[in-house]
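Residue-level listing of the chains:
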Amino acid sequence: MKYLAATLRLQFRTTLTFRFDLAVTVLRNVLTVCCLFALWTALFTGRTAVAGIDKNTMILYAVASTILGVFLSMRVENNMAESIHKGNIALMLARPIAYPLSLFMDAVANTIVNAVTRIFPYLIAAVIGFCLAECAGMRITGWLVISIALSYILMFLYQVLFGSLVFWTMDIAGLIEYRDVVMMLFSGAIVPLYFFPDWLFRMAMFLPFQAIYHTPLSIMIGRIDGSDAAMAVGLQLAWIVVLSLIARLVWRRAVRRVIVHGG
Amino acid sequence: MPLIQVTDLEKHFTITKRRHGVAGALKALIAPERETVRALDGVSFSVDPGEILGYIGPNGAGKSTTIKVLTGILTPTAGEALVDGCRPYENRQENAKKIGFVFGQRSRLWWLLPAYDSLEYTRSVYSIPDDVFKRNMQYCKETLGLGRLLDKPVRVLSLGERMRVEIAMAMLHSPKILYLDEPTVGLDVVGKCELRDMIKNINRQYGITVILATHDVMDIEKLCSRVIIIDRGRLVWEGDLGALRKAKGNTRVIVVDFASEVEPLQMPGLVPASTEGQKHVYEIDADTVDVDTVLQALAQAGQVLDLSIAAPDIEGVIREIYTEGSLP
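Chains U and A supply the protein sequences, listed in that same order.
First residue of the first sequence? That's 0 in numbering that gives the first Met the number 0, and the numbers climb one at a time after it.
First residue of the second sequence? That's 0 in numbering that gives the first Met the number 0, and the numbers climb one at a time after it.
Bound-form chain U, shown alone:
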């Protein structure tokens, strides 16, 4: 806990060092919300609803998905890859904190910093600027809060698993992009899975990615609730158990492969 507090403090101060960057980020977030609004308004011209989702719900979905994306952008893979490339993995492994744990703590600290510097501006832009009406359709329930928390853990596990590949391949920049595209598509981050053709929807439901975006967003727009929500959250939990077992196994093998050349 002390470690988390210290990391948080330093990450905050590092972020605040670049005031200009911070200002640009806030501006960009406002613009992103504008774009989403304009895009989906245009796409829904002449239609009242697609796959049971109307325009307002869709805008809510898109904005929420973007904000969730910021919340989930933890850069764990990039951190791992960078540690390996620069050889700083050596410094990490020689500390009295387990590396995966410190990765998680760093990710949480990063998210909190993001929340203050990026998510709040988003939320303010979203609420004040455009979707007062759309926000009315939002269902904030206990299931939503739980499922977002589980999404976060799932995302962390994916990233650790994927990031561990760097111990074998030494470079994963290309793989990260590939992973990102597959995950964004099949998790429902870009387009709701409900818009998919039936066979693709079913396939997506079998993949682990849907548990990250699809589950919390569906709960939020009220598409699933009650016992369905409980089921979906249960599925998230199951994926967490499976992935953490695999991650544990992979990590153990990975750490034995550590090579640090040149000093």
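Since the hints were derived computationally from the structure, they do not count as laboratory data.
Careful: at least some of the hints might be erroneous.
[Claimed, not checked] Cross-link-like lysine-lysine pairs, in silico, BS3-like; alpha carbons within 27 Å at most:
#1 A:Lys-151 - U:Lys-1
#2 U:Lys-1 - A:Lys-97
#3 A:Lys-191 - U:Lys-85
[As the list claims (entries may be wrong)] With the C-beta cut set under 10 Å, the calculated list includes, among others, these residues of chain U facing chain A:
#4 Thr-6
#5 Leu-9
#6 Arg-12
#7 Ile-88
#8 Met-91
#9 Ser-101
#10 Val-254
#11 Arg-255
Here the structure is a predicted model, which means the values were calculated and not measured.
Even glycine gets a Cβ: it sits at the ideal position worked out from N, Cα and C.
We have chain U; now place chain A onto it with these hints.
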């Protein structure tokens, strides 16, 4: 009971051979040629508590690899390393609490923030109790001259200043052992000198055992009670500094300046190294030849303006050990 016990340590790496040029890069991509490098090839030694051990060797000898096994970063291929009774690569976190380390080529400091923030961060990483932290900070401020550095962002510190902060960071949690991997690399003469004083002070005041990996011979001469030399993954020499000096025989170098040109002196046991004109350089083996007799002979040969007798420099001895691979 030694604090560190290393037995037949081996570490092999498999590396892919890279060739020059684009064609070579493509070839390596399709049909990589691999080869096994024995970074450590059966190294054994032990370190007693309170020692400053000089661990030297040329670039790529395996110094850093040994340190990385001892700090728990690398798992050895064969053999065993025991640090304070446990294997560091199997008990990473337990080991990490007992050791401090500075890798001269890698910084642990937060680049953009004042140096103090990095120290404060270390306090949380190592869960250092308040009183220990305060005491060690006080010590670091006094001995390492940190006082005025702490408020400056790390990026504006000089290399020497940064290294001081790194060392402070490494000893904040009162470790038993301090691993310093080329801490003086890239420092100027004054910086190196100050840093050596600090290391000595830390060793004396706290009784911290120091393992100093370096290829700077002056580091060794100023600091180390005992020296281990490795080359190509093998231990080639071990002993104290005096013994290292005598390793190549007890030679002395005599440099004489004569007032006028003098014929080279012929004497048993006296090897003329260069005898051009008025300046003569001889090497003698002090064990077999009486220095006094040589001096008298020189005084009789001509008018001596200046004369000096020097023990061979350690660097020369080490160079010979490197080139020969081992000692007779």
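Do the hints match the structure? See the list:
Taking the CA atoms of Lys-151 of chain A and Lys-1 of chain U, the gap is about 24 Å. The hint holds against a cut of 27 Å. With a C-alpha separation of about 20 Å, the suggested pairing of Lys-1 of chain U with Lys-97 of chain A holds against the 27 Å cut-off. A hinted pair counts as satisfied when its Cα atoms are at most 27 Å apart, and Lys-191 of chain A with Lys-85 of chain U qualifies at roughly 26 Å. Hint on Thr-6 of chain U holds. Least Cβ distance to chain A is approximately 7 Å, under the 10 Å limit.
A hinted interface residue such as Leu-9 of chain U counts as satisfied when its beta carbon comes closer than 10 Å to some beta carbon of chain A; here the least separation is about 6 Å, so the hint holds. Satisfaction of the interface hint for Arg-12 of chain U is found here, the shortest Cβ-Cβ separation to chain A being roughly 6 Å, below the 10 Å cut-off. At about 8 Å, the closest approach between the beta carbon of Ile-88 of chain U and any beta carbon in chain A falls short of 10 Å, and the interface hint on this residue holds. Hint on Met-91 of chain U holds. Least Cβ distance to chain A is approximately 9 Å, under the 10 Å limit.
A cut of 10 Å between beta carbons decides the hint on Ser-101 of chain U: the least distance to chain A is about 8 Å, and the hint holds. At a threshold of 10 Å, the smallest CB-CB gap from Val-254 of chain U to chain A is about 8 Å, leaving the interface hint in force. Evaluation of the Arg-255 of chain U hint against chain A yields a held restraint, the C-beta minimum of about 5 Å falling below 10 Å.
Checked against the numbered hints above, the structure violates none of them.
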